[in-house]
Amino acid sequence: MPFPRGLLPTAAVLAAAVAVAGCSTPSTPDSGRDKSQLTLADAYEPESLNPLLGYGEEGVSKIFDGLLTYRADRTLEPALAAEPPQPSADGRSWTVKLRKDVRFHDGSTFGAEDVVATYRAALDPAYASTVRSGLSMISKVEQVDPLTVRFDLAHPYAPFGHKLVLGVLPSEALAKPEPQDRSPMGTKPVGTGPFRLAEWRKGERMVLEANDSYWHGTPKIRKVNVVFAVDDNTRAQRMRGGEFDGGPLPPNLAKTFEGLDGYRVVTHKSADYRTVVMPTANPVTGDKAMRLALNLAMNRQGMIDALLGGKGAPASTLIPQALPEFVEPSAQFRYDRAEAERTLEAAGWVKGADGVRARDGQRAKFSLLYPAGDNVRKDLAQAFASDAKAVGVEVVLEGLGWEAIEPRMGNDALVLGGGNPLDPDLKSYPLLHSSYAANGFNNPGSYRNAEVDAALEAGRRTTDPAQRVVAYKQFQRAYVADPGMVFLTFLDHTYVVREGWTGYQEVVEPHTHGFTWGPWWNLQDWAPRR
Amino acid sequence: MAGRRLLFAVPVLALVSAAVFALGALSPFDPVKQYYGVQIFNASREDVDRVRAELGVDDPVIVQFGRWAGGLLTGDPGHSRSFRQPVADVVGERLPWTLLLVGVALAVAVLVALLLGVAAAWRQGGWLDRVVTAVGHALEGVPPFVLALGAIAVFALGLGWLPVAGLTDAGAEASAGQVARHLVLPALVLGVSQSPWLVLHVRQSLLSALAEDHVTGARARGLAERVVVLRHALPTALLPFVTLVGARVPELVTGAVLVEEVFSWPGVASAVVKAALSVDFPLLAALTLLATVAVLLGSLLADVASALLDPRVATDG
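Protein chains in written order, with the working numbering: chain A, 1 to 530; chain B, 1001 to 1317.
These are computed hints drawn from the structure, not numbers from a lab.
Be careful, since some hints might not be right.
Not close to chain A: a few residues of chain B, all C-beta gaps over 10 Å, as computed [stated by the list, open to error]:
hint, residue
1, F1021
2, G1071
3, P1143
4, L1301
Below, computed lysine to aspartate or glutamate pairings styled on EDC-like, alpha-carbon distance capped at 20 Å [stated by the list, open to error]:
hint, chain 1, residue 1, chain 2, residue 2
5, B, K1274, A, E45
6, B, K1274, B, E1261
7, A, K223, A, E45
8, B, K1033, A, E403
9, A, K176, B, D1076
10, A, K100, A, E142
To list a few chain A residues with every Cβ distance to chain B over 12 Å, as calculated [as the list claims (entries may be wrong)]:
hint, residue
11, E83
12, P251
13, G286
14, P324
15, Q332
16, D336
17, R337
18, A383
19, A385
20, S434
21, D464
22, Q474
23, T502
Idealized CB from N, CA, C, for every residue including glycine.
One chain only, chain A, in its complex shape (with noise of 0.2 Å):
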């Protein structure tokens, strides 16, 4: 909801006046307030609860367990697994050993058949689950014994530990095949985590309560109860007021509250990139000269300073400089617009007389797509025009549904974001491999590079961690030889937190949505502070 600027500041007074004037609302910093107890608020709110339906696919979830789970360094340890599973010598076949003792929120007991019901269910078309993309190289999953299961896998895959992060769902839950937005897990989950869901008023808060038979020892937070408030200028307000202990902002928002007392904004870097996938279909954006050149005509730099208030990393492939051991320092571009212009001429693109190139009859010219109400997508897309513009290149911008974006993006150009810093494999992969070329939103310019698809392959199929920084290494310079797309910025993800707990740890986050990354992430670790 839009509110007249002028009103805030003096809202925001007047709020917190009534609040410590003594309505019910706990708003003193401190002073007597129940610290086992969180109020946070969130931009995003789940559609469902179900892991089968995407809930917390990224291994952080407060309501279930994976099999594995990940630190704040973004490695894994075992959660619901006993020990780091270990692959076969052929790494075709990957054998977990299940934790002992660990029961479900209803009581019932955690053991090998919920995995192998879980997977099964991921996998088999009549749950119509939406995570069966991403576990498509497991062909059988078995149970070996009450506590052994074993994964066999169509080709070796070497991080397929990132795969077991899904939750796991009590066996009973799933013994009906069907669609899973007809499961009550989707919004009465029953899980193993550090929280279960006491409440849920659908478009307006979620209470969790802590599990007191957590296998990982009880947490010290009792009760969260997280907000949704979808508009930012909105959620900005109700924090300041004192409603929240915390809560994702826009750099923008989140920068008012530097320096206010009891509070702290808190940035995360992430592998959240936006990219504008140039289709090779397209006469112009398919020649490679020109997706080099206006790959050296953003100023990337500047487009953080000015649209993100700084708070981001320029973008030149999907690794970003946040997981140092993957980049490979050659395969940056730098603000060159003079290269651009010459590369541009070199390939036959000739300026006219308005400024615009153009070659055998054919117009430097093609259309940017983004999503529209999606404000940082519209900006970086005037900015990428504009850039484009100074090197003679006419861009013409459509913001539109995912409607009507989906049926042409195959050939125009498109504003899109995703990004996964726990393995390169697992989004470069589907991204760039040119297997899934035109693949529904997976690679949708449909890139195609043989270099890139070689080393894509090698960095899956090498267990070596070594060899598979080579792998990424080699991956990166054969993408930026010939890019496919221009990638802009990593975005960092910017919360306010307010002081009184102790547990947080930074993490490099994902193209995430909602409450299961952030500061809270670990929030099982969290204690209040004495």
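Here the structure of chain A is known, so what remains is to put chain B in place on it, guided by the hints.
Coordinates of chain B only, in the frame set by chain A:
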């Protein structure tokens, strides 16, 4: 009369629900995208097609309608895809909040109408009358969501008297006090947005009643002005008012959709918006039916009331 009218409602309801399905089929939104949500960006085309087949969203509209209607007749209104809950649960959880909001709003509107309408007619041409008439005509042209945003800006943000939105404060229990505080603004906005027609109507019909012979007679007998207006003129003026209140129900329903959406009120009306955007046929059809029933019942009740109040009104004929 009531029985005949109720019988007539059956084909109306059938027609309305068929129309909802027919219109929904023309919608550009793809139900499979709604099912996937943000997951769609990682899904392979093959998997999306499989889910499409599994959900049966590409079946002809007539098949989908048949499936839904068949379920409804056996007592199962189906499953809401957008809420991922049985339709019965969605309606069951949300209808009470809508009834509360609409009920209070209607009471507000009627109360405002009676007080202001009578006061304005009593002193026709006086300052109150002029203000009420001017504001009433102005309000008729203001959509409820403008009124709602204005009320939020003034009473919630400007003065800080009342909460901006929601059913309770963040994280608070839905206690009577909490809900009452959060109900004030949406109910007032909805009530006030519906009141101008009623106010102006009460004023107008009271004015014409005041000019009637029996009122002149009462005045000639030297009765007190209060008795003349309230006992002799008002009852005649109220008869058409009852019918008008019934006829305003459709406006009240649309008003509720807008007000619930702006105030994040967790009622059925705001669920309509979500269902429509998600091409959630079962929920959309159920809610449209509910609205149709409300409208039909509203006008039926108004007619019954006026028939009971005035023996001159012929019912069947």
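Checked hints:
The beta carbon of B/F1021 sits about 19 Å from the closest Cβ of chain A, which is more than 10 Å, so the claim that it is off the interface holds. Remark: the non-interface label on B/G1071 is consistent with the geometry, its nearest Cβ contact in chain A lying 13 Å away (cut-off 10 Å). Even its closest Cβ contact with chain A, about 15 Å, leaves B/P1143 beyond 10 Å, as expected for a residue assigned away from the interface. Non-interface status of B/L1301 relative to chain A is upheld: no Cβ of that chain comes within 10 Å, the nearest being about 31 Å off.
Taken as a hint, the B/K1274 and A/E45 pair is honoured in the structure, with Cα atoms around 13 Å apart against an allowance of 20 Å. Taken as a hint, the B/K1274 and B/E1261 pair is honoured in the structure, with Cα atoms around 10 Å apart against an allowance of 20 Å. Our distance criterion of 20 Å between C-alpha atoms is met by A/K223 and A/E45, whose separation comes to about 18 Å. For the proposed pair B/K1033 and A/E403, the alpha carbon gap of about 9 Å is at most 20 Å, so the pair holds.
Distance hint between A/K176 and B/D1076 is fulfilled; the C-alpha atoms sit about 19 Å from each other, no more than 20 Å. Between the alpha carbons of A/K100 and A/E142 the distance comes to roughly 18 Å, so the proposed pair stays at or under 20 Å and holds. Chain B leaves A/E83 outside its interface by the beta-carbon criterion, the shortest separation being 29 Å against a cut-off of 12 Å. With 12 Å as the threshold on Cβ separation, the claim that A/P251 sits away from chain B holds: the shortest Cβ distance comes to roughly 22 Å.
For A/G286, the non-interface assignment is confirmed: its Cβ lies about 21 Å from the closest Cβ of chain B, beyond the 12 Å cut-off. No Cβ of chain B approaches the Cβ of A/P324 within 12 Å, the least distance being about 26 Å, so the stated non-interface status holds. Every CB of chain B is more than 12 Å from the CB of A/Q332 (nearest about 26 Å), matching its label as outside the interface. Distance check on A/D336: its Cβ is at least 32 Å (rounded) from any Cβ of chain B, clearing the 12 Å threshold; non-interface status holds.
At roughly 32 Å from the closest C-beta of chain B, the C-beta of A/R337 stays outside 12 Å, upholding its exclusion from the interface. Taking the minimum C-beta to C-beta distance to chain B, about 23 Å, the non-interface status of A/A383 holds against the 12 Å cut. With a closest Cβ-Cβ approach of about 23 Å to chain B, A/A385 is found to remain outside the 12 Å limit, as its non-interface label requires. Chain B leaves A/S434 outside its interface by the beta-carbon criterion, the shortest separation being 14 Å against a cut-off of 12 Å.
For A/D464, the shortest C-beta to C-beta distance to chain B comes to about 27 Å, beyond the 12 Å cut-off, and the non-interface label holds. The beta carbon of A/Q474 sits about 25 Å from the closest Cβ of chain B, which is more than 12 Å, so the claim that it is off the interface holds. Every CB of chain B is more than 12 Å from the CB of A/T502 (nearest about 22 Å), matching its label as outside the interface.
Against the hints set out earlier in the document, no violation occurs for any number.
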